[in-house]
Structures are given as structure tokens and as C-alpha cells.
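Now for the letters of each chain:
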Amino acid sequence: MGYPHPSHPLERPLLSRHFGDAGARSFDGWVKRGGYQGLKKALGMTRAQVIEEVTNSGLRGRGGAGFPTGLKWSFMPREVTRPHYLVCNADESEPGTFKDREIIRWTPHQLLEGCVVAAHAIGAERIYIYIRGEFTTEYRILKTAVAEAYHGGVLGANVFGSGQRIDVVVHRGAGAYICGEETAMMNSLEGRRGNPRIKPPFPAQAGLWACPTTVNNVETLAAAAHIVREGAAWHKALCRGNPRSTGTKLFSVCGHVQRPGNYEVVMGTPMKDLIFEMCGGMPMGRRLKAVIPGGSSVPIMNAAEVEDCLLDYEGIVARGSMLGSGGMIVMDDSTDLVYQVMRLARFYAHESCAQCTQCREGTAWTVRILERILAGKGRREDLDLLLDLADNMTGKTICVLSDSCAAPVVSAIRKFPEEFEAYLSRSRAPVTVAV
Amino acid sequence: MSGTATPGAVHHQPYRPVFVGEGRTALEALFPHYPTRQACLLPALWLVQEARGWIAPEAIGEVATVLGLTPAYVRGVVTFYTMYHTHPVGRHFIQVCTTTPCSICGAEEVVRALLQHTGCGELGATSPDGRFTVIEVECLGACGFATPLLIDDDFIEGVTPERVAGILQGYK
Ligand SMILES: Cc1cc2nc3c(=O)[nH]c(=O)nc-3n(C[C@H](O)[C@H](O)[C@H](O)COP(=O)(O)O)c2cc1C
Ligand code: SF4
Ligand code: FES
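Top to bottom, those sequences are chains U and Y. Just so you know, we're using our numbering here: the first sequence kicks off at 7 and counts up by one. Just so you know, we're using our numbering here: the second sequence kicks off at 74 and counts up by one.
Since the hints were made in silico from the structure, they are not lab data. Glycine included, C-beta positions come from ideal geometry on N, C-alpha and C. Some hints could be false.
Pairwise CB distance ranges (calculated) [what the hints assert, rightly or not]: (1) R292(U) with T233(Y): 13 to 21 Å; (2) P201(Y) with P74(U): 53 to 61 Å; (3) A238(Y) with P74(U): 50 to 58 Å; (4) Q211(U) with E95(Y): 26 to 34 Å; (5) R146(U) with A238(Y): 23 to 31 Å; (6) P90(Y) with F208(U): 38 to 46 Å; (7) T150(U) with G243(Y): 21 to 29 Å; (8) F208(U) with A238(Y): 50 to 58 Å; (9) G134(Y) with D394(U): 42 to 50 Å; (10) P83(U) with H106(Y): 38 to 46 Å.
If we strip away everything but chain U, and leave its shape as in the complex, we get (with noise of 0.2 Å):
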């Protein structure tokens, strides 16, 4: 539900049925409003039950990817010679992104559930739970929720009476928005600098400490969780006529809409619907602008692309972007696109782990540039020079950080290029980066 608003009659609050009331926070508070009946369920499956479950649900990855997440179940090793882990991602830091945090704040045990039933599917003893150093509260909300978890017989060494073992251990990070892409985030556990992984071997076969691991985003554990107690058909049934979008999805909506908050609707929703019904529209006397719909990292939207968008993985990539995290950022007619461009690609180099020389030069000589064109010392050829600098940074390197600086950079000069050219041609006065 749109929290801290309550509930739009558009939404279809599955994972976020409980945002807003403190009683779900605790384990009993959990299972007096039915949780933990999805574990219970798939402990009584086998593993491969509960991964083809979870398959033919048509779940997909909600940390940004969008990869089906019982095939990367799937792709585990069936024989568990070695120890097995999983890894829960809850790094959320992609701009924009925030419905992970709401998750544990709210339901921390959701988070568990689904952290276990995961855990059982591909054969995993111990999970990792990576929190963000940043998230204070929600990391002692986790820590509390795995106490009682212990307490109630969830977790530890004879999980609900199955005679399986399973443990959670929640590890804080300490400030790097890089650590949210899965290898980084392993090296960050083995106690290393988060510089991210070649690629292969993959993280099902070599992931932490060189054993078979998976790493899943929050929202996509939690959902697994209701998919096991309710089946896959009846997550099959939660789209609008696309079978390979299926759920409901948060949609963290900021920027410059009347209520922002997180929005859980099934995918297929119009964006239009989310932004100008759920969400109240801009504020008094302002038009729309721009819309990026997946967190910072993916392609910027005009008005027009929003007008007939689907929100769903395909429905936006249609329209020129992709679905990415959710994280939605609104802008107005009052916001000045190229400054806003070069805040975010100031944002990816400073999150740059520097390991590759496309991205760690990219991104600082993108922000400089377009420092360079909003001080009103541009010169045609630079944007030019920007898009030839997108082009170097995009597939080349190690992770996909490199990319995403380049994908708002790109879309804002094609889709907006009276917005540079006022800067060009010195018809906008010019701006002094502040802060």
C-alpha cells in the first residue's frame, strides 16, 4: 500500500498488506496473520517441487534484472557436496529504490519466511542477509526478528521439525552503493573491498568462498514465500494479459508527485494510472516532464512514452526504458534536466569501484563535461563527446555500473535536447554546481 498513505483502491497489496501496522513486526504478530504457513508448506516439498513452484509462477528477479528466479534456483547443484549459500540482497541503493527497507521495517519476518523457503529450494544451510550500513533501525529490526525466529523454532538446527538445518546471519555494510551488484556484494562478505566479479563462473557455481550460492533481491524472497502457500497458478493470474510479467510489484514513487510513498499493484498497470491516480499527479500547476521508472540506472521517459506505458518488464521496455528496480523518479516542468543528469553521473562516479578504466574515467569525465556545458562553457561537439563516451562505457566492462551512468546521459539528450541546447546556445543562465 502507498505508505505512508493508506491503501489506493488501485493497488493490490500483497507484501505490503502490512506497512503501517507495528503488529505485524514481531514473530507472533507474523503468524497470527498468517505467516509462516508458506514455509511450513514447502518444508513438506521437495527441493524440486518447491523450485518448479516458484518457476511456473513466472517470478522474475525484483532487485533490478528481472532474471526468473526459479530458473537461478535451478541452476544450484542437486548434490550438496559443499556447503550451499544464500544470500539475501538488501543493499537497496539505487536512487529512487526504496521499498526493500519498507519491507523488513514493516514485516521483517515476510523477509525471513521467504529467506527460508529459498534456502530449502536450493538446498542452502546458512543465509547471509547484506543490510546496508546505512539502514540503523531496520538492521535492529532484522536482528530482533531473527531472535524470535530462533526462538520459534524457524530457524536453527531442526527448522519447523523437518530435521534441516538453517541459519541467518545479518551483515551490515558500511557504505558502497557497489556492494548492491551480487559478486560485489560477495567480496564485501569475505571481508574485501567491493570490487565486482569476472563473470563466469557464475555465483551458482562459484560464489562465496568458491561454494555454490544465489543472491536474490528482498522483495523477491518475500514474494516466494506467497507463492508457495498459494501456488502458482494463483501468482500466474496476477497480470494483465502479459504471461511473462506476472505478480504484483512496489513501485517506490518519489520526486515531484503529490503522495509519494511505495505502491503495490499487479504488473500490467498503467504507469499513468500509478502516477496521476494513485499518486495525486505533480503538484498544483505543474506539468510532467520526465519520468525514470526502474531506479537511476535505466533510460529517462517524456511525457509521451508515460501517456500509454504498461508497468510491467516488457510494457516499459516498449516505451524506452526498463522496469528495473521500480524506483520511480517524477519530474516537472520545473526541473532542469541537464543538472539533474550531471547529479546522477556524479553519483556514479563516486560509486565507481574504479576497477575498469572505461567506467572509472567515463563517469568523471561525463559529470565534467556536463559541469562544463551548465557553467555555460559548452561547445556543440560536447554532447557529441558525451554520447561517444556512453558508447565506451556501455558492454565493456566488469559489472553493468559503467552502463547505468550512460543510460540517463543518453536517453536525456535524445529525448530532451532543447534542455542542452539552452545551456548551448547561452540561453539559460548559467549554473554553478552547488553543493
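Using the hints provided, position chain Y with the ligands relative to the given structure of chain U.
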């Protein structure tokens, strides 16, 4: 996620080890959770920072010793992560988000109000009374509640320039 704080005055007091007594117990409680000692590095550094407020060069040496690593290795990891302070900071450490979603909602004005009311003057500097250090950070994962602040361990949402003075009163 954060910028860096500039060095303040370092008082040369004899180093007090962190991993003795209760500190040692807390460290050893980490060991069973990880197959290697090296993996305890981030949690061990958090223990140091909680105990001492920052990670002094001597602490890097101590962490290296207790985990069987080299000081250079530990330093390399410490400096990768922006939340570990390698210099002493003010009694209250304020992180303010200015990434795009917060920027379009007026985060820069919040920063100005913070610098003014804390007396820090500039980002990364500690106020003359030693009370505050303010730094600008990238997205805090609370973009719908712009502008968020993290003061020590307190997460404060929806901060406007008008609210700043009142909020600071709670931190002596
Ligand atoms: C630079 C970068 C940052 C990322 N940050 C996050 C993050 O904060 N949270 C997240 O769940 N996934 C993040 N991802 C995606 C993860 O690498 C990984 O794909 C995801 O956790 C897999 O989970 P899923 O299949 O459940 O989506 C990031 C990826 C990149 C390249
Ligand atoms: S693309 Fe950037 S962040 Fe990713 S590994 Fe290369 S340098 Fe590091
Ligand atoms: S951009 Fe400020 S909290 Fe995300």
C-alpha cells in the same frame, strides 16, 4: 555512500585496545558465523567504530592482528567503505542525501540550513565546538521521504530547512 570528513585535531593519547574483555567476547561471537576470520573484517571494524567513534591507525593494526591479516590489507578495505571514519569526527555525525530524487525536492537548501545552524561552515568540516560534522551522501534509500538525514544512528525523514534548527536541538 558518503563523502569524506576532513582531519580534525588528533590527540595523542596512548592507544587503548578494543578487543579485550567484552570487546574480545563480542569479536569471538562473530567467528562461528563465518568460515574464515577474514570475513569478520567488516563486523570487527564496526565494533571498533562503535567503541571509539572512528578507526585510528592503531586500531587498524589491532584488527589486523586479531584476524590474522596485514595492516595494509585492512587499510585497503577500510578506505573502500565510506562509513568508516579514518579521522575523528564531531560528537554527532550528520549525513544528508543530495542525490537526484532528493535534489529535485530541495535537498540543497537543507544542506545550507545544516551548515548554517551547526556552524560547520563547509561539508566535511567539524564545527568549532566539536559538536557536529555534516557530510553530503548519496541516496539513503528513503527517496519518497525527502530529505532524509542520518544523525548518528537516527534516521530522520522529510526534513525541510525550517525543521533543521529544531532537530539539532536534540543533539547536545
Ligand atoms: C551496480 C549495481 C547495483 C545493484 N544494487 C542492487 C541492490 O541494491 N539491491 C538489489 O537487490 N540488487 C542490486 N543489484 C542487482 C544484483 O546484482 C542482483 O542482480 C540481484 O540482487 C539479484 O536478485 P534478484 O534476482 O532477486 O533480483 C545491483 C546491480 C548492479 C550492477
Ligand atoms: S563497471 Fe565500474 S563499478 Fe563495475 S567493476 Fe568496472 S569499475 Fe567497478
Ligand atoms: S535520493 Fe535521497 S534518499 Fe534516495
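We went through each hint and held it up to the structure:
Take R292(U) and T233(Y): their Cβ atoms lie about 19 Å apart, and the range 13 to 21 Å holds. Our hint of 53 to 61 Å for P201(Y) and P74(U) holds, since their Cβ atoms are close to 57 Å apart. Checked against the given bound of 50 to 58 Å, the beta carbons of A238(Y) and P74(U), roughly 51 Å apart, stay inside it. Hint check: Q211(U) to E95(Y), Cβ distance near 41 Å, so the stated range 26 to 34 Å is violated.
For R146(U) and A238(Y), the hinted distance range of 23 to 31 Å is satisfied, since their beta carbons lie about 28 Å from each other. Distance hint check for P90(Y) and F208(U): the Cβ-Cβ separation is about 42 Å, which falls inside the suggested range of 38 to 46 Å. Roughly 24 Å separates the CB atoms of T150(U) and G243(Y), a value that falls within the hinted 21 to 29 Å. Remark: the range hint 50 to 58 Å for F208(U) to A238(Y) is upheld by a beta-carbon distance near 52 Å.
Between G134(Y) and D394(U) the beta carbon distance is about 47 Å. The supplied range of 42 to 50 Å therefore holds. The beta-carbon spacing between P83(U) and H106(Y), approximately 23 Å, falls outside the hinted interval of 38 to 46 Å.
Checked against the numbered hints given earlier, this structure breaks hints 4, 10; the rest are met.
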